[in-house]
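Start from chain A and add chain B according to the hints.
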Amino acid sequence: MSRLTGKMEKITAEHLMLLTFIVLGVVFFVEPIVRDYPSDARVFPQMMGSVVVAGSLLLLLQNYLPGPLQTFVAESVSIAQDVEDEDIGIGDEDEGDDEDDGMTEVVQKEQPLHVAWGYDLNNTIIMIVFSTVYFFLGWAAGFLYVTPFFVFAYTYWFRVDWWKGLLLAAAATGIVYAFIVFLLMPFDEGTLILQRGLI
Amino acid sequence: MSATAAVVLQATPVEALMQGIETALSWPVIGWMALGLLAGIVLGGLPGIGSPVGMAIVLPLTVPLDPTPALILLTSIYSGAMFGGSISAILINAPGTESAAATTLDGYPMAKNGLAKNALAIATTASALNGFLAAIALVIISPILIEVVLLFGSPEYFLLAILGISLITIVAEGSVMKGIVSGAFGFMISTIGVAIMSASPRFTFGSLALYEGLNFVAALIGMFAFAEMMKLAVQTQIADEEVGVSGSIVDGIKTVFKYPKTTLKAGILGMLIGAVPGSGATTSTFVAYAEEARSSAKDGIFGEGDPRGIIAPEGANNPTVSGSLIPTLSFGIPGSGSTAVLLGGILMHGLQPGPQLFEAQLNITYALFVSVFLGNILILAVGYSIIPYASGITKLDTDIIIPMVVVLSFIGAYSLNQNWFDAFGVLALGILGYYMVQYNYSVIAFVLGIVLGPIAEENFFRSLQISSGDYTIFVSPQQPLSLGISILIFLVLVGPFLGPKVRELVDGMR
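Note that the protein sequences, when read in sequence, are chains A and B.
The numbering of the first sequence is the working numbering, which starts it at 1 and goes up by one.
The numbering of the second sequence is the working numbering, which starts it at 200 and goes up by one.
Derived by calculation from the structure, the hints in this document are not laboratory data.
Any given hint could turn out to be false.
What the hints assert, rightly or not - Some but not every residue of chain B turned toward chain A, in silico, with C-beta under 8 Å:
id	residue
1	Phe384
2	Thr390
3	Phe402
4	Gly405
5	Ser406
6	Ala408
7	Leu409
8	Met429
9	Asp598
10	Val606
11	Ser614
12	Glu656
13	Phe660
14	Gly683
15	Leu687
Claimed, not checked - With a Cα cut of at most 20 Å, we get these calculated EDC-like pairs of lysine to aspartate or glutamate:
id	chain 1	residue 1	chain 2	residue 2
16	B	Lys430	A	Glu14
17	B	Lys700	B	Asp669
18	B	Lys457	B	Glu411
19	B	Lys464	B	Asp505
20	B	Lys311	B	Asp450
21	B	Lys311	B	Glu503
22	B	Lys460	B	Glu411
23	B	Lys700	A	Glu75
24	B	Lys430	A	Asp120
25	A	Lys164	B	Asp596
26	B	Lys460	B	Glu490
27	B	Lys453	B	Asp505
28	B	Lys430	A	Glu110
Bear in mind the structure is a predicted one, so any value in this text is a computation, not a measurement.
From the three backbone atoms N, C-alpha and C, an ideal C-beta is built for every residue, glycine too.
Bound-form chain A, shown alone:
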């Protein structure tokens, strides 16, 4: 049981990404057969699906591959990286060290709300949650009405001055409104509520 838990802990986002690639690759290979696509619609996606599945499998199992194959699958051969790190030797320098040399005067931003509340969450996760909620609410009720709340809430969460947040919210709403007026986009209409819009 503990071995299984140990193995589960070793699973990274990369493994999940590769598994997704494999599943999708299989779908792109099998679906044309199941639905009987004509040959000129079938060959290219199947070919690419095969490459994705084979490549992802090799990457997933790279630790168990024989030497030369493992080198091909796992080793980076980046030309640019060689130039950046070896020819110039910037890899030897710790760029981060320069922060306390007197010139780069940077200020730490105030801690966002989740950190202040004691939750040790990555800011990226919060950003994804905000964006996902914004997208689905915008889809359901119309972007015009959701946008000011999203922008103000986001900036407030990340401790931007409230008046700046308000200004940004107004600006973002103005941009959405411009899309409605000039590009005739139905951002005042929601898919679930306010279906006829207010403008």
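This is chain B only, laid out in the frame that chain A set:
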């Protein structure tokens, strides 16, 4: 061919050039160019933003514009960001764009020594001067380019798409296999929707929203704008208000002319490397810096504020824009994220990279070249004017940029086809792009796969139609160009692994 016909054929490129100049100088095109440059300088100056993000957000907004001003706007953002990236690189040691990373090596030490204005003036002058010269070179070599482009047919264009992705896999970080998987995944995703050759719906699962497939512009926005915002969200510092800008602009300008050899060499390297499909300004600037550090090692103080350490990368970055236009416009192979977005713009506006852009639409191509030329003059004017206020750009808090970019990403993607699937694609591909970058999977190869997928598939089938289904058309000695490109693909992918073994064998035999 009659004499009259020959005269008409010879005069056409000249006429196209004149038309291009006229278009680039006309109003409001020149206004879009100035706006693009300013936006590019500001976006390029913001660490973590850079030109691909700016171009990706602006891309859907160009829908109402004609192709020429739209492409000029995008190219101007690209050029502006190339210069803008140096501002934060010099002032706060945080390159605004990856291509400005080499500038930090000597630019920042110079600023620390109280010569920030000199460093910024060197960057402005070297960037604009070489960008200006490279744009002229682009116009001069375009007739040769036209001849080369016309040699290519369907098999070659299909193979070039594969070669482009192959080259990107060896330039990008991460293993070749990761690059191949990224590119193939992009190609695969591009097949969602109605098939090109037979009008059959593919992988739509009964959903009408999927009939048009995933819009590649939405993919570009997701991969470059949204994913970048995810990265930016973890940035916990902003520049303090007291970043000083001291020194002399005039002395900075004079410094560039003190080292004409360095400047010209950087420009040539920048343009040549930019013209290689798959390599962008990040490579060219580091190569130019490394070459200068090598050739001036005797009297150089590289890493401690040597002005040549700024001239070399900055002198290389803007010519890379001109150089990268060559494979992007002629073969549809971009060298960087920015040119991938530009390619997206070309396709979105109904243009096709390749022969058309060098025949019937040559005036658009020339207008683009001329705009790069004019853009560099504007960079010079704008660059010198903003130097005293440059530190203002570095003070912008990223937390006010992120929500705005998210809003623009969603509404921009939806506006492409009024399809919620595209807006959702921004979110889904943004998250995918973020993790791809984290694990060194080439985002550019993936995007290139999505953008070039339909073109590659169409050329793949046309090739098979020509050969009556015989796959050897891609390696047939009767098709020397195809054979050559196929060999090149093999060498690019396998060469880095076989090279050392061959060398060992040769050494062993000695």
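Tested hints:
1. Phe384: holds (5 Å)
2. Thr390: Hint on Thr390 of chain B: holds, closest Cβ of chain A at ~4 Å, below 8 Å.
3. Phe402: holds (6 Å)
4. Gly405: violated (11 Å)
5. Ser406: Given a least distance of 14 Å, the restraint on Ser406 of chain B is violated.
6. Ala408: violated (12 Å)
7. Leu409: The hint is violated - Leu409 of chain B has no Cβ within 8 Å of chain A, the shortest such distance being about 12 Å.
8. Met429: holds (5 Å)
9. Asp598: Since chain A brings a Cβ to about 4 Å from Asp598 of chain B, closer than 8 Å, the hint holds.
10. Val606: For Val606 of chain B, the interface hint holds, since the closest Cβ of chain A sits about 5 Å away, which is under 8 Å.
11. Ser614: holds (5 Å)
12. Glu656: holds (5 Å)
13. Phe660: holds (6 Å)
14. Gly683: violated (21 Å)
15. Leu687: violated (15 Å)
16. B:Lys430 / A:Glu14: Holds. Lys430 of chain B to Glu14 of chain A sits at ~17 Å (cutoff 20 Å).
17. B:Lys700 / B:Asp669: The given pair, whose Cα atoms are some 34 Å apart, is violated under the 20 Å limit.
18. B:Lys457 / B:Glu411: violated (56 Å)
19. B:Lys464 / B:Asp505: Roughly 17 Å separates the two Cα atoms, so the pair holds.
20. B:Lys311 / B:Asp450: The hint holds at about 17 Å.
21. B:Lys311 / B:Glu503: holds (10 Å)
22. B:Lys460 / B:Glu411: violated (52 Å)
23. B:Lys700 / A:Glu75: holds (15 Å)
24. B:Lys430 / A:Asp120: Roughly 17 Å separates the two Cα atoms, so the pair holds.
25. A:Lys164 / B:Asp596: Distance of about 11 Å is within 20 Å: holds.
26. B:Lys460 / B:Glu490: holds (12 Å)
27. B:Lys453 / B:Asp505: holds (14 Å)
28. B:Lys430 / A:Glu110: Measuring from Cα to Cα gives roughly 18 Å; hence the hint holds.
Of the numbered hints given earlier, the model fails hints 4, 5, 6, 7, 14, 15, 17, 18 and 22; all others are met.
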